[in-house]
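Colleague: Okay, here's what each chain looks like letter by letter:
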Amino acid sequence: MEKDQDKILNEVTQGEYKYGFVTDIENETIPKGLNEDVVRLISQKKNEPEFMLEARLKAFRHWQTLIMPEWAHLIIPKINYQDIIYYAAPKQKATLESMDDVDPELKATFDKLGIPLDEQKLMSGVAVDAVMDSVSVKTTFKENLAELGIIFCSFSEAVQEHPDLIKKYMGSVVPYTDNYFAALNSAVFSDGSFCYIPKGVRCPMELSTYFRINAANTGQFERTLIIADDDAYVSYLEGCTAPQRDENQLHAAIVEIVTHKNAEVKYSTVQNWYPGDKNGKGGIYNFVTKRGKCAGENSKISWTQVETGSAITWKYPSCLLLGDNSVGEFYSVAVTNNHQQADTGTKMIHIGKNTKSTIVSKGISAGLSQNSYRGLVKVVKNATNARNFSQCDSLLLSDKCGAHTFPYIEVDNKDSIVEHEATTSKIGEDQIFYCNQRGIKTEDAIGLIVNGYAKEVLNKLPMEFAVEAQKLLQISLEGSVG
Amino acid sequence: MSLETIKTDTKGRFVELYRENQDLIKNDLPDYINEVREKAFEQFKKLGIPDKKNENYKYTDLNKEFNNTYKMYLSPKNIEFQVDDIFKCDVPDLNTKVILLLNGWYYDRENLIQELPGGVIIGSFQKAAEVYPDLVKKHFAKYAGFENEGLVALNTAFVKDGVFLYVPKGVVIEKPIQIINILMDDEEGLTQHRNLFILEENSQASIVVCDHTLSMPNFVTNSVSEFYIGKNAQFDFSRMQNEHNGSKQISHLYFHQERDSRVSANNISLHGGLIRNNVNVLLNGEGCENNTYGLYLTDKGQHIDNYVFVDHANPNCISNQLFKGVLDDFATGAFNGKVLVRKDAQNTLAYQTNNNILLTDDADFNTKPQLEIYADDVKCSHGATVGQLDEDALFYLRSRGINKKEAKLLLMYAFAHDVIHKIQVPALQERIQDLVDKRLRGELSRCNNCQMHCC
Chain A
1 MEKDQDKILN
11 EVTQGEYKYG
21 FVTDIENETI
31 PKGLNEDVVR
41 LISQKKNEPE
51 FMLEARLKAF
61 RHWQTLIMPE
71 WAHLIIPKIN
81 YQDIIYYAAP
91 KQKATLESMD
101 DVDPELKATF
111 DKLGIPLDEQ
121 KLMSGVAVDA
131 VMDSVSVKTT
141 FKENLAELGI
151 IFCSFSEAVQ
161 EHPDLIKKYM
171 GSVVPYTDNY
181 FAALNSAVFS
191 DGSFCYIPKG
201 VRCPMELSTY
211 FRINAANTGQ
221 FERTLIIADD
231 DAYVSYLEGC
241 TAPQRDENQL
251 HAAIVEIVTH
261 KNAEVKYSTV
271 QNWYPGDKNG
281 KGGIYNFVTK
291 RGKCAGENSK
301 ISWTQVETGS
311 AITWKYPSCL
321 LLGDNSVGEF
331 YSVAVTNNHQ
341 QADTGTKMIH
351 IGKNTKSTIV
361 SKGISAGLSQ
371 NSYRGLVKVV
381 KNATNARNFS
391 QCDSLLLSDK
401 CGAHTFPYIE
411 VDNKDSIVEH
421 EATTSKIGED
431 QIFYCNQRGI
441 KTEDAIGLIV
451 NGYAKEVLNK
461 LPMEFAVEAQ
471 KLLQISLEGS
481 VG
Chain B
483 MSLETIKTDT
493 KGRFVELYRE
503 NQDLIKNDLP
513 DYINEVREKA
523 FEQFKKLGIP
533 DKKNENYKYT
543 DLNKEFNNTY
553 KMYLSPKNIE
563 FQVDDIFKCD
573 VPDLNTKVIL
583 LLNGWYYDRE
593 NLIQELPGGV
603 IIGSFQKAAE
613 VYPDLVKKHF
623 AKYAGFENEG
633 LVALNTAFVK
643 DGVFLYVPKG
653 VVIEKPIQII
663 NILMDDEEGL
673 TQHRNLFILE
683 ENSQASIVVC
693 DHTLSMPNFV
703 TNSVSEFYIG
713 KNAQFDFSRM
723 QNEHNGSKQI
733 SHLYFHQERD
743 SRVSANNISL
753 HGGLIRNNVN
763 VLLNGEGCEN
773 NTYGLYLTDK
783 GQHIDNYVFV
793 DHANPNCISN
803 QLFKGVLDDF
813 ATGAFNGKVL
823 VRKDAQNTLA
833 YQTNNNILLT
843 DDADFNTKPQ
853 LEIYADDVKC
863 SHGATVGQLD
873 EDALFYLRSR
883 GINKKEAKLL
893 LMYAFAHDVI
903 HKIQVPALQE
913 RIQDLVDKRL
923 RGELSRCNNC
933 QMHCC
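In order, the protein sequence lines correspond to chains A and B. Each residue of the first sequence is one higher than the one before, starting from 1 at the first, in the working numbering. Each residue of the second sequence is one higher than the one before, starting from 483 at the first, in the working numbering.
Careful, some of the hints might be misleading.
So the derived label-pair ranges between C-beta atoms look like this [stated by the list, open to error]:
#1 Pro77/A <-> Glu597/B: 54 to 62 Å
#2 Glu456/A <-> Lys651/B: 48 to 56 Å
#3 Arg923/B <-> Trp71/A: 37 to 45 Å
Worth flagging that the hints you see were computed from the coordinates, not collected in a lab. Small disclaimer: the values here were computed from a predicted structure and weren't measured. Each residue gets a CB set at the ideal place from its N, CA and C atoms; glycine is no exception.
Bound-form chain A, shown alone:
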């Protein structure tokens, strides 16, 4: 029985990464290294207005004064920032008139990833902005959305066409001074998605960005900015994959969300960057700053994330609850296997009155991995009647992995209620026995239990994603239950 379980676990955890292929496509890259000239070059390549270049240079100069933080429960090999290519773009025609203009090689890549760029082929109502390496390849359903007044395009396009919005909102949630990687990103970010939902509009389809790293030796630095004006609603999805390579690649993105009065944004991520092989070689370093600002009254931001990829994950999607009665939510499943490391969690900063936040974090560690939850719930003095509930569970699937919980709770007034609870355990033998006894094989039983364990979070995902996430969970854990 023990042996059986080990075998099944091994099979489950050693499932191959199926997005590890490389697309052979002509690339335009700039030389390795990082200095002011590179920053200027990126800005020039993107034909940016003066204010963008200034913002980049300011961020770059600030970045030079910083040192990489070391407080996370992670072992990060030294990163040589001069050994990274900061801009890589698949070569293609300047403007895309129709679908036929998209490089067939590119189209094939995204088809293979299950992200059809052809609108006719799309069954489900999902508009996609596909980003390969440093640039956005194609945004679908742009016209249909424009009819409603929704702006959904690549970040570079927004810089050209909607500079006012960019000026107003870029850096308003994550300023370049926020942290080391935010400063780096603000200096060298290449592209990303931009989304603006006007007053009173409920976005009729899911918006989605799909990030793909393809070129070797590059870093990916994209930026997403989502603005929901009064009474607007949008559900946003983010997916990502990368080829299988022996060297580590850096991904340092920024996601900013602003919700105004009565607006709601639902942001879901299925993060599946290449996690490295089972000996811990290669993989993506995923150091991302994600933050939402509930600026208006009754606004709501909800983060849902399924983290299965990346060699190292270091991110804390957060909510600043400024508006009265605003709501922040964070649902997370983080799976680590083999040599993966994750230090992830959230920050809920209660500033407005009657603000509410919910945190549900489920960590699953297998193999030799380390999985940490780190979170902060802060209630400032004027945030009367604030309410938080946090639950952080960890499931241990091997005797060599680690699961850690580091919650911080800071409460500054008497009308708030903050609760935190966490448990760490392995799958009970009685649970497996119960399933076995009813004719369910050990392997299926483990799958069942893990899925049940993560259900609370998976349920929060949009339908298309939920199915994928469930499959992903199974693949990630293939062969890891013991």
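Following the hints, position chain B against chain A.
Modeller: What follows is chain B alone, placed relative to chain A:
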């Protein structure tokens, strides 16, 4: 006799003080202690006093507290007082053996060390180091590591006196031993006593510690206690902190538990300007059990910070932490509990709970319960809450004719009771119950029977 006046704002001043008074510091302790002292001093030079950048001291800024002129007691000072007259802290019906420490020095200078029936040794640490070098050498500074803790390094560098207790194999001390730390002087002072408790195999002991201030000036205490709990030994430790609001108390307790030993520790903090309790537990054998409980009732500008670290280094151990507190006025507090389960410590059960009630908007509490787990066959959980009294419960009581004030008191009392009923010595439990009751009613300004009424 000399009392050095120092300005202790920086570690440099301590270093200076140490260098200038080396002879006086070292004179009455044997070489083997002075060797350790030298090492600790070197380490202190590197570490200094922890500030807020130190993650473990994030919510308590001690540099600020040490930034003052204090007297340091490098030799005992004779302050005459009649124990019975001034001080009646002893719990009624609690038949204890009482030991007094005055400003960090063993009080009974006539009778520095005594041997009790069964081979139990109790007395001054300084004297014990001289008379029982083998025993002291074997255990001194073995559990309280100063590699990463600047304040323990400081204490070790200036080690002079404290309490020493030795319980031989298989001996059971029936009567609890009560240690009363008294701070009394007409000037502000810094005391750094050092206690060593050794319980051999199969022994049993129970200790009650009371901390009191008997005069107005502000005091800073930085004490270190080491506990060696031998195989299958049982140890019960209760502490009542009741000092005035100008005092700052930093205490470090190090429990080293051998196989199948059991320790229960209670920290009741009733009063004190700033209290920082560090409790470090190492479960060094299989089958150990450790229970650490805490209750803190603070008001005015008091600050309380409890830090508990439990190291599950071996399989089949159990640890429990329960800390509860009520914060009133503009009191501030923090809890930092950490459970580390090492790689092979399978079948570990570890629980942490921290509940807090904030009574005013100016009160402020930060809690940080942490789990760090490297073994898979474990059951670990923690929970933390910060909130207020349950409205429904209040309504329930009031609908039955209990007035609001009484109802609130009842609820708070019930809240505190969880911790109080964990106290093992029945007479002490009763007494603390009474004290907590009075404290919650605001009737206890300090130790109830103390005639000094200094605050």
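Colleague: Each of the hints needs a verdict: does it hold here or not?
Modeller: Here is what the structure says about each hint:
| no. | hint | in the structure |
| --- | --- | --- |
| 1 | Pro77/A <-> Glu597/B: 54 to 62 Å | holds (60 Å) |
| 2 | Glu456/A <-> Lys651/B: 48 to 56 Å | holds (53 Å) |
| 3 | Arg923/B <-> Trp71/A: 37 to 45 Å | holds (44 Å) |
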